[in-house]
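Same order as they appear, the protein sequences are chains A and B. Each residue of the first sequence is one higher than the one before, starting from 4 at the first, in the working numbering. Each residue of the second sequence is one higher than the one before, starting from 5 at the first, in the working numbering.
Honestly, the hints are just simulated from the structure, not real lab data. No experiment lies behind these values; they were computed from the predicted model shown. Be careful, since some hints might not be right.
Stated by the list, open to error - Capping the alpha-carbon separation at 20 Å, the derived lysine to any residue pairs in SDA-like fashion look like this:
#: 1; chain 1: A; residue 1: Lys-82; chain 2: B; residue 2: Gly-167
#: 2; chain 1: A; residue 1: Lys-25; chain 2: B; residue 2: Lys-143
#: 3; chain 1: B; residue 1: Lys-143; chain 2: A; residue 2: Leu-80
#: 4; chain 1: B; residue 1: Lys-134; chain 2: A; residue 2: Arg-83
The chain contents come next:
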Amino acid sequence: MVNVYRVYAISMIYALWMLRNKLFYFYLTVLLPFTILVPFLIIAPARLGPFIAVGTVILTLIYCFSTASQDLAVDRLLKRITILLTKPITPLEYFLGILLSNAMQTLPATVIVIVVLRVASLIEIEDMTLLLLGLIAGWYILTIMGYITALTLLSRDYNTVTIASNSIAFILTFTAPVYYPPEFLPEQLRILAYLIPTTHIANIIGKACSIEYGVPLITTYIYLLTLASLLTIITLKSLKLKDVY
Amino acid sequence: MVEIRCEDLWKIYGSGTVALRGISFTLMDESLVILAGPNGSGKTTLVRIIDGEISPSKGFVSINGLSPDVARAKGFFGVMPQEARLHEYLSVREYLYYLALIQGLNRHEAKREVNRIIDDFMLQEYVSTKIEYLSGGLKRRILLAQAFLGSPEILLLDEPTVGLDPEMRAKLWDIIMSYAKERGSMIILVTHYIDEVRDIASRVLLLYKGQLIFNGNPRDLLSKVGYKYRVQVRLRGSKALETPPLRLHYRSGDVIEFYVVDDEELIKLLNYLVGVRDWVSEFSIDRPSLEESYLRLIRLLEGGGSGQRL
Chain A
4 MVNVYRVYAI
14 SMIYALWMLR
24 NKLFYFYLTV
34 LLPFTILVPF
44 LIIAPARLGP
54 FIAVGTVILT
64 LIYCFSTASQ
74 DLAVDRLLKR
84 ITILLTKPIT
94 PLEYFLGILL
104 SNAMQTLPAT
114 VIVIVVLRVA
124 SLIEIEDMTL
134 LLLGLIAGWY
144 ILTIMGYITA
154 LTLLSRDYNT
164 VTIASNSIAF
174 ILTFTAPVYY
184 PPEFLPEQLR
194 ILAYLIPTTH
204 IANIIGKACS
214 IEYGVPLITT
224 YIYLLTLASL
234 LTIITLKSLK
244 LKDVY
Chain B
5 MVEIRCEDLW
15 KIYGSGTVAL
25 RGISFTLMDE
35 SLVILAGPNG
45 SGKTTLVRII
55 DGEISPSKGF
65 VSINGLSPDV
75 ARAKGFFGVM
85 PQEARLHEYL
95 SVREYLYYLA
105 LIQGLNRHEA
115 KREVNRIIDD
125 FMLQEYVSTK
135 IEYLSGGLKR
145 RILLAQAFLG
155 SPEILLLDEP
165 TVGLDPEMRA
175 KLWDIIMSYA
185 KERGSMIILV
195 THYIDEVRDI
205 ASRVLLLYKG
215 QLIFNGNPRD
225 LLSKVGYKYR
235 VQVRLRGSKA
245 LETPPLRLHY
255 RSGDVIEFYV
265 VDDEELIKLL
275 NYLVGVRDWV
285 SEFSIDRPSL
295 EESYLRLIRL
305 LEGGGSGQRL
């Protein structure tokens, strides 16, 4: 049984740090994606513009992954997690709190990024439902991946978690074909790219904006549903909150 | 009524350090339990196992039959960890409010509870201040206050007054003691200031090198010291008292301490002192402290002693 007040309280404790540091929030969630967008638009052929726009949205969503992993590491480093570990929180409530916190932090920034891209005519939104589905899938899967990363690393000190999560975030953003279509990759690498979840999240957001990544939607749905189910089971069945120690 | 049962608890950390060695005890219907022991004796490890923060390497803990890992068991607890930081970007009221919700209260109850705690812990003038701007003593008070949210049935307080000035320490003891008297919760208190709470303690657990060396009430512990009164006599000049009436006494410079085992012996000593009053500049009588009893036990275990026997 989930206590919604508890989930809300956990989410607020984590979200308020970022939401109260407005400059840092603006930099991480809005300014950073655009500092990559602009040079990419300058150096890439014009036909890649829409892919770069989708990549920018994905980069904003990647923040869900980074915060889910690094919030836990920071809390452990600063011994703030100790108080929460002594409270009657179930692993599910804690995870839902982190998930809601990420929604509060990332989704407003993502909306701002999409609006700017739309105003700059870099994307045309053809299917709002599909776009929302892509954003929700990205938010959920990237958050749960970050959470599992933080809890399953053998060494859970802050530096290790930060290095690991930054490395994975790089793979999710730049190794996966999100700033460019998968057809740019050699065939063997393309198969590997299809195993990276951001490829499929970009595929959904791309389809919502009539940008073709060349992956059938049904394949993406099956992949993401399977992955989400697997990660959810791992989180709920295998991970205990005290694993942050 | 809550029962805490610890059965053959062992804790061996990854580094190979053995923090606990087969600790077993049951606590039921206690008001205030003092958990004491030298630094590194395993007190904090024991508290962290009881409240479910970490798991024992062997043995088990049950809280009313529940594992402390279960959220429902944690609902019995209010814990003030020895080392913990607060989410300092929140205001005092926000922090307590969110923790009250986490403790299981609804919004209405949480607001009411936070107001009560703010009053009890005299935090009224800081409610809107971000925690990061508060002094170390106030942060310590908030850390203690959060443990009392929701009136938990068990309070685990790990060195709640360490590092505080005497005035602040006295205030916090007042709060803890009045809570123990009024609420009927079981308070497990890790502290080095054991004599400051001896009058209301119902049980003392003494740890030494990971082992439980004493489990009983404070009176039993006091009896371990082996005397009922300590009479301290300061001599005039360097003249030693000849033929002191008691075998058990120590001398250090011009001060002699007599350890008196019963009232009869005390009367005998006082009569003797009246007879030699010209050589006595001052004297005092006090009862042994829990700390002395505890140190005596430790010394016995270490096979040593201190003081100069005449």
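Consistency of the hints with the structure:
1. A:Lys-82 with B:Gly-167: holds, 18 Å
2. A:Lys-25 with B:Lys-143: violated, 25 Å
3. B:Lys-143 with A:Leu-80: With Cα atoms ~18 Å apart, B:Lys-143 and A:Leu-80 stay inside 20 Å; holds.
4. B:Lys-134 with A:Arg-83: holds, 16 Å
Going through the hint list in order, the structure does not satisfy hint 2, though it satisfies all others.
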